[in-house]
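Novice: If you read the protein sequences in the order shown, they are chains A and B. Numbering (our numbering) for the first sequence: 1 to 115. Numbering (our numbering) for the second sequence: 1 to 114.
Honestly, the hints are just simulated from the structure, not real lab data. Accuracy of the hints is not assured; some may be wrong.
Stated by the list, open to error - If you want a taste of the chain A side facing chain B, the calculated C-beta under 10 Å gives, among others: (1) Asn28; (2) Tyr31; (3) Tyr33; (4) Val43; (5) Phe45; (6) Gln104.
C-beta: ideal position from N, C-alpha, C; glycine also.
Next come the chains, spelled out residue by residue.
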Amino acid sequence: EPEVTQTPSHQVTQMGQEVILRCVPISNHLYFYWYRQILGQKVEFLVSFYNNEISEKSEIFDDQFSVERPDGSNFTLKIRSTKLEDSAMYFCASRPQGARNQPQHFGDGTRLSIL
Amino acid sequence: AQSVAQPEDQVNVAEGNPLTVKCTYSVSGNPYLFWYVQYPNRGLQFLLKYITGDNLVKGSYGFEAEFNKSQTSFHLKKPSALVSDSALYFCAVPVSGGYNKLIFGAGTRLAVHP
Chain A
1 EPEVTQTPSH QVTQMGQEVI LRCVPISNHL YFYWYRQILG QKVEFLVSFY NNEISEKSEI
61 FDDQFSVERP DGSNFTLKIR STKLEDSAMY FCASRPQGAR NQPQHFGDGT RLSIL
Chain B
1 AQSVAQPEDQ VNVAEGNPLT VKCTYSVSGN PYLFWYVQYP NRGLQFLLKY ITGDNLVKGS
61 YGFEAEFNKS QTSFHLKKPS ALVSDSALYF CAVPVSGGYN KLIFGAGTRL AVHP
């Protein structure tokens, strides 16, 4: 069964540095999402992406965050200047075209640790 | 605003016994509801969904869920728990309109003891 893949599995970065998290969604999917999960807390929506543009973003997704689909297969999340509170698991998800009853498929996540 | 609530942080059950993980929802209109499972160091895996029709929905790994409109609940069940079912379980609702971001409950940790 096709899977969403994320790299790296663990990223350790100094505060203030830029970080790029990478995702390869399932190939025929058209909707892409990033979520994050701070340790011990619930999974939170960050951003959705469709037709090469952001379709919705949460209040968490401020100017330090950006997303890109550079080459038709990868989907990246960039954090420009990381803060300690950005430490979390970041999950990429994708969903096929169709009604909202289509479930999203998630990658295994990238654990981001900011020092 | 749409939301889901999982009232239990943790559920403990003995192997072989039935299990229930609770979820209640607050959704305008007809709800779509999902259950996901998260094993350690893994992403969220889709288990099952309710769209419409039968109130008892069957999903992966022997799990099922019962939709109850009058109680606004969508509890996850399994007749006989396995130790390997131990994981974190999330109830979720896709937000209507827009691009259907998922709103998750806080999660329930299921511990199945041998």
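Novice: If a hint holds in the structure, say so; if it doesn't, say that too.
Specialist: Results for each hint:
no., hint, result
1, Asn28, "violated, 17 Å"
2, Tyr31, "holds, 6 Å"
3, Tyr33, "holds, 7 Å"
4, Val43, "holds, 4 Å"
5, Phe45, "holds, 4 Å"
6, Gln104, "holds, 6 Å"
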